[in-house]
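Colleague: Please construct the entire structure, taking both the sequences and the accompanying hints into account.
Reading the sequence shown from the start, the letters are residues 44 to 278 in the working numbering.
Keep in mind the hints are simulated off the structure, nothing from the lab.
The beta carbon of each residue, even a glycine, is placed where N, CA and C say it ideally should be.
One should not assume that every hint holds.
Claimed, not checked - DSS-like mimics (lysine-lysine), calculated; alpha carbons at most 30 Å apart, straight line:
#, residue 1, residue 2
1, 266, 231
2, 190, 167
3, 92, 231
4, 231, 262
5, 62, 209
6, 209, 266
7, 209, 167
8, 62, 262
9, 266, 75
10, 75, 190
11, 75, 62
12, 209, 75
13, 167, 92
14, 231, 75
15, 62, 190
16, 62, 92
17, 190, 209
18, 92, 190
19, 209, 92
20, 262, 190
21, 266, 92
22, 231, 190
23, 231, 167
24, 266, 167
25, 92, 262
Stated by the list, open to error - Between beta-carbon pairs, the in silico distance windows are:
#, residue 1, residue 2, range
26, 156, 209, 54 to 62 Å
27, 79, 114, 48 to 56 Å
28, 149, 241, 24 to 32 Å
29, 46, 121, 46 to 54 Å
30, 241, 156, 15 to 23 Å
31, 272, 102, 29 to 37 Å
32, 160, 75, 37 to 45 Å
33, 75, 104, 41 to 49 Å
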Amino acid sequence: MYRSLDANRIIDTAEQLGKRITERFPASSLSKVAGELLSEVRQAADTAKWLSAPHRNIRIVSGVVVVLLFALVISTLLLLNRRVELFSSVSDFLQGLDAAVNELVLIGAASYFLLNWESRRKRKRALRALHVLRSMAHIVDMHQLTKDPERLMGPGQNTPSSPVRKLTAFELTRYLDYCSEMLSVISKVAALYVQEFDDPVTLAAVNEVENLTGSLSQKMWQKIIILDRALPESS
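Modeller: Now the structure itself:
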């Protein structure tokens, strides 16, 4: 069934992509980034598995504490009901009732905190991993910033600070294509985190990564299209 992402397939794709980049551009910084991406993809598989698994220890501890807290509330209310005649005035009764309500609110807040303990723990790890992916997407984008196809069509006079351009039109096309594929892998890894972890905050962060990689990839494909149209014989 092709309805879910397979972490092993993503690892295989990243590994094959890294080999292609290394074979085409040996000792390049892009191949090193591909190696870092492969390492991150492998770690992401473990992270996604960790996110999808139930953390029973946390659930048991949270459940026991919540039950004890509500047992305390019930016992307090029963005690208040039995000793209502001990209040000397309505004012004393209202003060006691107000204290009981405040305790109930605090216990409710504590229960909410405990019941969401597991989700918050998972969310923190997922957001940390997504931050790494977002940074890697920008690193990939940095590698294509100076890859200008227009310099191949009409090279102008270089300045002392001009980047060194050694790639042919074909090599530049492959370079940009590899960058786009790396962004695609980053996007798939981000989606892997929320495949079995339904958290709105994490899902929003994944959408941001997907939008970022999509927009960056679009810039690269615009350059590829320029190369294909202007230099068809070289591509």
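Colleague: All the hints need checking, so say for each whether the structure fits it.
Modeller: Results for each hint:
Simply put, residue 266 and residue 231 have alpha-carbon atoms about 23 Å apart, close enough for the 30 Å limit, and the pair holds. Of the supplied pair hints, the one linking residue 190 and residue 167 is violated, its CA atoms being roughly 36 Å apart against a limit of 30 Å. With a C-alpha separation of about 15 Å, the suggested pair residue 92 and residue 231 falls inside the 30 Å cut-off, and the hint holds. Proximity of residue 231 to residue 262 is assessed by CA-CA distance (about 19 Å); at most 30 Å being required, the pair is judged to hold.
A C-alpha spacing of about 21 Å is found between residue 62 and residue 209, which places the hinted pair at or below 30 Å, so the restraint holds. This hinted pair checks out: residue 209 and residue 266 have alpha carbons roughly 17 Å apart, not beyond 30 Å. Among the hinted pairs, residue 209 with residue 167 is inconsistent with the structure: their alpha-carbon atoms are about 43 Å apart, more than 30 Å. In summary, the hint linking residue 62 to residue 262 is supported, as the alpha carbons are separated by about 24 Å, within the 30 Å threshold.
A C-alpha spacing of about 23 Å is found between residue 266 and residue 75, which places the hinted pair at or below 30 Å, so the restraint holds. Restraint check for residue 75 and residue 190: the C-alpha separation of about 18 Å stays at or below 30 Å, so the hint holds. Distance restraint check for residue 75 and residue 62: the Cα-Cα separation of roughly 11 Å lies within the 30 Å cut-off, and the hinted pair is therefore satisfied. With a CA separation close to 19 Å, the supplied pair residue 209 and residue 75 stays within the 30 Å bound.
Restraint check: the Cα-Cα separation between residue 167 and residue 92 comes to about 15 Å, which is no more than 30 Å; the hinted pair holds. Simply put, residue 231 and residue 75 have alpha-carbon atoms about 20 Å apart, close enough for the 30 Å limit, and the pair holds. A threshold of 30 Å between alpha carbons decides the hint, and for residue 62 with residue 190 the separation of about 21 Å falls inside it, so the pair holds. Under the criterion of a C-alpha separation no larger than 30 Å, the hint pairing residue 62 with residue 92 is consistent with the structure, at around 26 Å.
Simply put, residue 190 and residue 209 have alpha-carbon atoms about 10 Å apart, close enough for the 30 Å limit, and the pair holds. Among the hinted pairs, residue 92 with residue 190 is inconsistent with the structure: their alpha-carbon atoms are about 38 Å apart, more than 30 Å. Taken as a hint, the residue 209 and residue 92 pair is broken in the structure, with Cα atoms around 43 Å apart against an allowance of 30 Å. For the proposed pair residue 262 and residue 190, the alpha carbon gap of about 11 Å is at most 30 Å, so the pair holds.
This hinted pair does not check out: residue 266 and residue 92 have alpha carbons roughly 38 Å apart, beyond 30 Å. With a C-alpha separation of about 25 Å, the suggested pairing of residue 231 with residue 190 holds against the 30 Å cut-off. In summary, the hint linking residue 231 to residue 167 is supported, as the alpha carbons are separated by about 20 Å, within the 30 Å threshold. With a C-alpha separation of about 37 Å, the suggested pair residue 266 and residue 167 falls outside the 30 Å cut-off, and the hint is violated.
This hinted pair does not check out: residue 92 and residue 262 have alpha carbons roughly 33 Å apart, beyond 30 Å. Roughly 58 Å separates the CB atoms of residue 156 and residue 209, a value that falls within the hinted 54 to 62 Å. In this structure the hint that residue 79 and residue 114 lie 48 to 56 Å apart at CB holds, the actual value being about 52 Å. The hinted range of 24 to 32 Å is satisfied by residue 149 and residue 241, whose Cβ atoms lie roughly 29 Å apart.
Under the hint 46 to 54 Å, the C-beta atoms of residue 46 and residue 121, about 52 Å apart, fit the expected range. Residue 241 and residue 156 have their C-beta atoms about 20 Å apart, which keeps the hinted 15 to 23 Å range intact. Under the hint 29 to 37 Å, the C-beta atoms of residue 272 and residue 102, about 58 Å apart, miss the expected range. Range check, residue 160 to residue 75: about 39 Å between beta-carbon atoms, so the 37 to 45 Å window is met.
Taking the beta carbon of each, residue 75 and residue 104 are about 44 Å apart, inside 41 to 49 Å as hinted.
In the structure shown, a violation is registered for the earlier hints numbered 2, 7, 18, 19, 21, 24, 25, 31, in ascending order.
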